[in-house]
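Q: For the protein sequence lines, the chains are A and B, in the order given. Per my numbering, the first sequence starts with residue 38, numbered consecutively. Per my numbering, the second sequence starts with residue 836, numbered consecutively.
Since the hints were derived computationally from the structure, they do not count as laboratory data. Nothing here was measured: the structure is a model prediction, and the numbers come from that model. Built from N, CA and C at the ideal position, the CB exists for glycine as well. Don't take every hint at face value.
Keeping only pairs whose Cα atoms sit at most 30 Å apart, straight-line, the calculated DSBU-like set for lysine-lysine is [stated by the list, open to error]:
hint: 1; chain 1: A; residue 1: Lys221; chain 2: A; residue 2: Lys105
hint: 2; chain 1: B; residue 1: Lys1032; chain 2: A; residue 2: Lys39
hint: 3; chain 1: A; residue 1: Lys105; chain 2: A; residue 2: Lys94
hint: 4; chain 1: A; residue 1: Lys39; chain 2: B; residue 2: Lys901
hint: 5; chain 1: A; residue 1: Lys94; chain 2: B; residue 2: Lys901
hint: 6; chain 1: A; residue 1: Lys39; chain 2: B; residue 2: Lys926
Sample of chain B residues facing chain A (criterion: CB under 7 Å; computed from the structure) [unchecked claim]:
hint: 7; residue: Glu887
hint: 8; residue: Met891
hint: 9; residue: Ser1009
hint: 10; residue: Thr1018
Where chain B lies over chain A, by a calculated footprint (3+ residues, C-beta under 8 Å) [what the hints assert, rightly or not]:
hint: 11; region: 112-120
hint: 12; region: 123-129
hint: 13; region: 134-142
hint: 14; region: 297-310
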Amino acid sequence: MKNFTYVRANSIEDAVSRATSDRQAMFIAGGTNLVDRLKVFLDEPSQLVDVSRLEMKQIERTNTGSLKIGALVTNTALANHIEVRRNYPLLSRAVLAGASQQIRNMATVGGNLMQRTRCPYYYDTAFPCNKRQQNTGCPATTGMNRTHAILGASESCVATNPSDMSVALAAIDAVVEVEGVQGKREIPLIDFHRLPGNNPERDTNLEPGELITAVILPPLSFSQSGVYLKLRDRASYAFALVSVATALEVAGDKIKTARVALGGVAHKPWRAMEAEEFLIGKAANKSNFEQAAEIALQDAQPLAHNGFKVELSKRAIRRALAVSAQGGGLA
Amino acid sequence: MTEEEQKLSPKQRSRRNFLGQSLFTAGAAIAAPSLLNSCQNKTVSASNALVEGETMIGLKINGQLKTLNIEPRVTLLDALRENLGLTGSKKGCDHGQCGACTVLIDGQRAYSCLTLAIMQEGNEITTIEGLATEDNLHPVQTAFLENDGFQCGYCTPGQICASVALLEEVNNGSVSYVTRDLTNPPELASLSESEIKERMSGNLCRCSAYNGIVAAVQQAAGQTPPSPAASIEHSQVG
Ligand SMILES: Cc1cc2nc3c(=O)[nH]c(=O)nc-3n(C[C@H](O)[C@H](O)[C@H](O)COP(=O)(O)OP(=O)(O)OC[C@H]3O[C@@H](n4cnc5c(N)ncnc54)[C@H](O)[C@@H]3O)c2cc1C
Ligand code: FES
Ligand code: FES
C-alpha cells in the first residue's frame, strides 16, 4: 500500500471541500473495498478523507412516506431495520445475500454503491485494463470471462457491477442523494451507475468530490411480493453469477406493475424494463413469466465462457417471478 | 507432560497450554476493569488533524488503552500482530476473504485486515486474547474444545470471535439470508444448522472442521449438538 495522508472529516462540507480541492483524495467509509484496493495498488490516493464519523447513520421516514437511509448506515443495520424488513424485504434479503456478516457490519450504504468490479483482470495490475487505465486494453474480452457481462457491455470493458444491494435498489426505484461543493442533487439509482461505453474508468455519474449522503426508498405498496434470488458458485460468501430482484402488483387476475432487475450480468444493476412492460395486464402465470424472461435476455451477448448466464438468468427470473406471484419470500 | 499436568483433566490441560501461549494477554485481561473506566470516553486523539507519516494513536484493546506509533496505512490486523504482539488474530488472506483476522469492534465482528488501525481510535476492540477471564475460558472457547471445532487451529481465533458475535446477534433478533420470515428472526434455541452455516460463512476452515464448528456453536447456543458420528449424516447442506 502506498502511503497517504489521513484526515477525519468533521462535516459533510469539510469532506466535500477536501475531495474537491485535492483530486487525488479519496473518501473512506467502512474500508472493506477501498483498503483491499489500496493493498494491491489499484488506487493510490494522496489523501484519505475518513467520513465514517459523520452524522449520516440514521434511517428515517420522510413526510412523503419514503424511507431515507443515511449513507453511513451499515449494511447490517440496513438489512435488520424493522421498516426495511417489513416494507422492503427484497432489499433486506439482497443485502444479507452479500459478503459475510463481518463485512456487512463494516460496510456502509455509500461504500456499497461505490464498490468496484471484481473482474480478476482489473484486480491484477500485471494485466492491462481500460477501467484501471484508459486505452490499455481489456484482456477479459478474449481471456477468462466466465463471470463477466452478457448485457450492455462494450469492446472496452465487459466487467460487471458486484453489488447485491444495488440490484434491489434498482427494482425499488430508489434515489441517491449526493452533495458536492455546488450543493445537493438527487440521482435515480438506475442512472447512478453507467454502462462502460468508451469510458469504463467511470463506474458512476458521481462527479469528482461529490459525497453520497443518503439513499431514498419511495413507498412501494406491493413490496411484500419482493424477492431477491442470488445464484453463485457456493451457497454463501460469494459474488453473484446472476441475481434477480422482482416484485409484482397483481389486481384481480392481472399484473398491474412488475419490477425485474438483474445483477451479475452488466456493468450496472440491470432493470429489465421491456420485460416489465410486457407483463403489465397479463395473467401472473408460468408462460407469461417465461416470455418475460425471454424478453429480458433477448439482447444478451455472451462471451466465450459465460453463455450459461443467459439460461441461468432466464430461469432465475422465472423462479423469482413465480415466488413474487405467490406473495414473495425466500426463493 | 509433567506429573502435575497428567493429573489434570483434558479440559484443564488444554486451558494450561492455552494460557502458556497467551500469558501476555492473560495479564491484559486481569487489568481490564480498572482501565476500561479510564478509557470509556469516546473522544479521539488527532481528531481532524491531517496525519502525515507516523503518528501516535491510542487503541482500546481488550480493555486496555494501548498507544502505538504507526503510519495511517497500517491495518488494524498488522497493528495488533506487529506492533502490539497480539498474534492471536491470524492473517489468512489479508483481503477479507477468509475470516482468520476476525475481531470484535464495539461488540460487532469485523475483519481487522480490512480496516485501518487509525480509523479505530476510540472504539472497543476485543481480540481472541480478551475473551477468557483469569480462570475460565469463554463458553465458546470451551465449546470449540469439547466439540473438536478445529484441527490445525489457524482459523480458530477468528471462528471463536465470530461465534461469540453470532450468539449476541441472534439474541438481538438479527436475520440472515436464509431466515424464512424476515419479520420473525430465529432464537438461539431454535437456530437451525443452515442458519448457523450461513451466519458462519465469513470464516473459512482449510482443515474443514465445519461439523465440529457447527456443533460448537450449537452447544454455545444452549442446544445439544449431535454426537460426532451423527453429524456426518447431518452435514448435507440444509
Ligand atoms: C470477500 C468479499 C466479498 C464480498 N461479497 C460481496 C457480495 O457478495 N455482494 C456485495 O454486494 N458486496 C460484496 N462485497 C463488497 C462489499 O459489499 C463492499 O466492500 C462494501 O459494501 C463497501 O462499503 P464500505 O463502506 O466498506 O466502502 P469503502 O471501502 O470505505 O469505500 C468503497 C468506495 O466507495 C467510496 N465511498 C465510500 N463512501 C462514500 C460516500 N458516502 N460517497 C461517495 N463515495 C464513497 C470510497 O471512496 C471507495 O472508493 C464483498 C467484499 C469482500 C471483501
Ligand atoms: S485475513 Fe482478514 S479475512 Fe482473511
Ligand atoms: S482448523 Fe485448520 S484451518 Fe480451521
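Q: Now tell me if each hint is right for this structure.
A: Now for the hints, and whether the structure bears them out:
no. : hint                   : result
1   : A/Lys221 with A/Lys105 : holds, 15 Å
2   : B/Lys1032 with A/Lys39 : violated, 37 Å
3   : A/Lys105 with A/Lys94  : holds, 10 Å
4   : A/Lys39 with B/Lys901  : holds, 25 Å
5   : A/Lys94 with B/Lys901  : holds, 28 Å
6   : A/Lys39 with B/Lys926  : holds, 20 Å
7   : Glu887                 : holds, 5 Å
8   : Met891                 : violated, 13 Å
9   : Ser1009                : holds, 5 Å
10  : Thr1018                : holds, 6 Å
11  : 112-120                : holds (count 4)
12  : 123-129                : holds (count 3)
13  : 134-142                : holds (count 7)
14  : 297-310                : violated (count 0)
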